[in-house]
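Participant: Let the hints inform the model, and build the full structure from the sequences given.
Okay, so the sequence shown: first residue is 0 according to numbering that gives the first Met the number 0, each after it adds one.
The set of hints was computed from the structure by calculation and includes no laboratory data. Among the hints, erroneous ones may be present.
[What the hints assert, rightly or not] Computed cross-link-like contacts, DSS-like style, restricted to lysine-lysine with a CA-CA straight-line distance of at most 30 Å:
#: 1; residue 1: Lys184; residue 2: Lys244
#: 2; residue 1: Lys272; residue 2: Lys244
#: 3; residue 1: Lys22; residue 2: Lys184
#: 4; residue 1: Lys182; residue 2: Lys235
#: 5; residue 1: Lys184; residue 2: Lys148
#: 6; residue 1: Lys148; residue 2: Lys182
#: 7; residue 1: Lys184; residue 2: Lys235
#: 8; residue 1: Lys148; residue 2: Lys235
#: 9; residue 1: Lys182; residue 2: Lys22
#: 10; residue 1: Lys148; residue 2: Lys244
#: 11; residue 1: Lys272; residue 2: Lys235
#: 12; residue 1: Lys244; residue 2: Lys182
#: 13; residue 1: Lys22; residue 2: Lys148
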Amino acid sequence: MNLPRHLANHNRLHRASSGVWIKDADAAFEYSDGEEAQSYVAQTIAQATDRGSLSTELASQIRDWPSEYHLSPLRSNLLRALNLDDRGPILEIGAGCGAITRYLGELNLDVDAVEGSYDRACIARLRCADLENVEVHAVNVNDLSLPDKHYGLVCFIGVLEYAQRFSGIEQSPEEAVLHLLAKAKQALRPGGAIVIAIENRLGFKYLFGAGEDHYGLAYEGIHDYPHFAGIKTYSKTTWEHLLSKHDLAHEFLYPFPDYKLPEQVLSDHYVQKYPQSWSHVTTSSPRDYHGLIADPGTIPFWETVGQANRLGDFANSFLIVA
Numbered sequence: 000m001n002l003p004r005h006l007a008n009h010n011r012l013h014r015a016s017s018g019v020w021i022k023d024a025d026a027a028f029e030y031s032d033g034e035e036a037q038s039y040v041a042q043t044i045a046q047a048t049d050r051g052s053l054s055t056e057l058a059s060q061i062r063d064w065p066s067e068y069h070l071s072p073l074r075s076n077l078l079r080a081l082n083l084d085d086r087g088p089i090l091e092i093g094a095g096c097g098a099i100t101r102y103l104g105e106l107n108l109d110v111d112a113v114e115g116s117y118d119r120a121c122i123a124r125l126r127c128a129d130l131e132n133v134e135v136h137a138v139n140v141n142d143l144s145l146p147d148k149h150y151g152l153v154c155f156i157g158v159l160e161y162a163q164r165f166s167g168i169e170q171s172p173e174e175a176v177l178h179l180l181a182k183a184k185q186a187l188r189p190g191g192a193i194v195i196a197i198e199n200r201l202g203f204k205y206l207f208g209a210g211e212d213h214y215g216l217a218y219e220g221i222h223d224y225p226h227f228a229g230i231k232t233y234s235k236t237t238w239e240h241l242l243s244k245h246d247l248a249h250e251f252l253y254p255f256p257d258y259k260l261p262e263q264v265l266s267d268h269y270v271q272k273y274p275q276s277w278s279h280v281t282t283s284s285p286r287d288y289h290g291l292i293a294d295p296g297t298i299p300f301w302e303t304v305g306q307a308n309r310l311g312d313f314a315n316s317f318l319i320v321a
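Facilitator: See below:
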């Protein structure tokens with residue numbers, strides 16, 4: 000399959016020797032898990048004979064949190080919960096090191112993956128080296144012109160919390176999110192969808208003192224980001240408000256223990272229909288990636304909020320389809 004280079008041609012990008020499409024030397028931005036951590040991930044992928052989304056070979060090389068995030072086969076569970084048949088072409092904004100990109104490419108759909116960091120884009124290209132239907136672009140999405148009514152799916156997975164940080168203009172975090180949603184909506188073909196995955200500011204583990212994922216501080220989001228540095232997550236109510244601004248009909252799904260390493264995904268429809276749905280959640284222990292708390296024990300909490308029909312309000316992460 001030869002992927003039509005819509006995004007590259009639309010923006011007059013050129014292909015670097017790495018196989019990654021770039022705009023110019025300064026177009027990408029710096030975002031990293033650390034040079035040593037990313038070098039390890041790149042080397043591990045380069046040496047692997049199986050780079051697939053369910054690769055046990057890659058999973059066997061997990062040694063710490065950065066490598067787990069980029070190499071775990073659990074990553075793709077997030078989208079396995081969705082029927083993506085005939086959803087191509089796909090625009091993935093914030094491809095990282097290609098864990099989700101790889102899964103999308105395996106669906107045999109054309110994928111335009113965009114990653115602001117050139118180094119991470121190169122790793123994503125490496126992860127998908129054998130997939131001709133995947134193109135990787137190292138460009139800040141704010142610097143791209145997206146083709147109108149072209150994509151069947153636009154993905155923001157772990158991205159919109161950074162909307163203001165990388166917007167390049169003076170605006171509130173909410174305004175930056177709305178700008179990207181408007182850009183994505185314009186790029187969707189009729190019947191297309193936007194997929195958002197993000198932490199819930201009011202998630203169970205954060206209420207119990209887990210480190211806010213981006214700041215590493217307990218109660219940072221709960222206390223309205225006193226150390227705000229351009230990164231912000233939102234509650235379910237706030238997301239409903241933001242999506243309504245662009246008249247985006249939407250459905251919430253709840254990945255547990257979170258969207259990063261989901262073991263199960265519950266739809267809001269299922270949660271609303273079955274009062275005992277909370278019992279599923281108790282089998283997925285929350286992860287505090289900063290190590291501030293141990294497993295606080297989940298059964299009493301989830302039973303209480305489940306019986307009150309508020310499970311979705313306190314899920315650790317959201318998967319939103321709009």
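Participant: With reference to the structure, classify each hint as holding or not holding.
Facilitator: Hints and how they fare:
Between Lys184 and Lys244 the alpha-carbon distance is near 12 Å, which keeps this suggested pair within the 30 Å criterion. Taken as a hint, the Lys272 and Lys244 pair is honoured in the structure, with Cα atoms around 28 Å apart against an allowance of 30 Å. In summary, the hint linking Lys22 to Lys184 is supported, as the alpha carbons are separated by about 23 Å, within the 30 Å threshold. Between Lys182 and Lys235 the CA atoms are separated by roughly 22 Å; this keeps the pair inside 30 Å, and the hint holds.
Our distance criterion of 30 Å between C-alpha atoms is met by Lys184 and Lys148, whose separation comes to about 8 Å. With a C-alpha separation of about 11 Å, the suggested pair Lys148 and Lys182 falls inside the 30 Å cut-off, and the hint holds. Of the pairs offered as hints, the one joining Lys184 and Lys235 holds, with about 20 Å between alpha carbons and a cut-off of 30 Å not exceeded. A threshold of 30 Å between alpha carbons decides the hint, and for Lys148 with Lys235 the separation of about 28 Å falls inside it, so the pair holds.
A distance of roughly 19 Å separates the Cα atoms of Lys182 and Lys22; the hinted pair therefore holds under the 30 Å criterion. In summary, the hint linking Lys148 to Lys244 is supported, as the alpha carbons are separated by about 20 Å, within the 30 Å threshold. Simply put, Lys272 and Lys235 have alpha-carbon atoms about 19 Å apart, close enough for the 30 Å limit, and the pair holds. With a C-alpha separation of about 13 Å, the suggested pair Lys244 and Lys182 falls inside the 30 Å cut-off, and the hint holds.
Pair hint Lys22 plus Lys148 holds up; C-alpha atoms about 22 Å apart against a cutoff of 30 Å.
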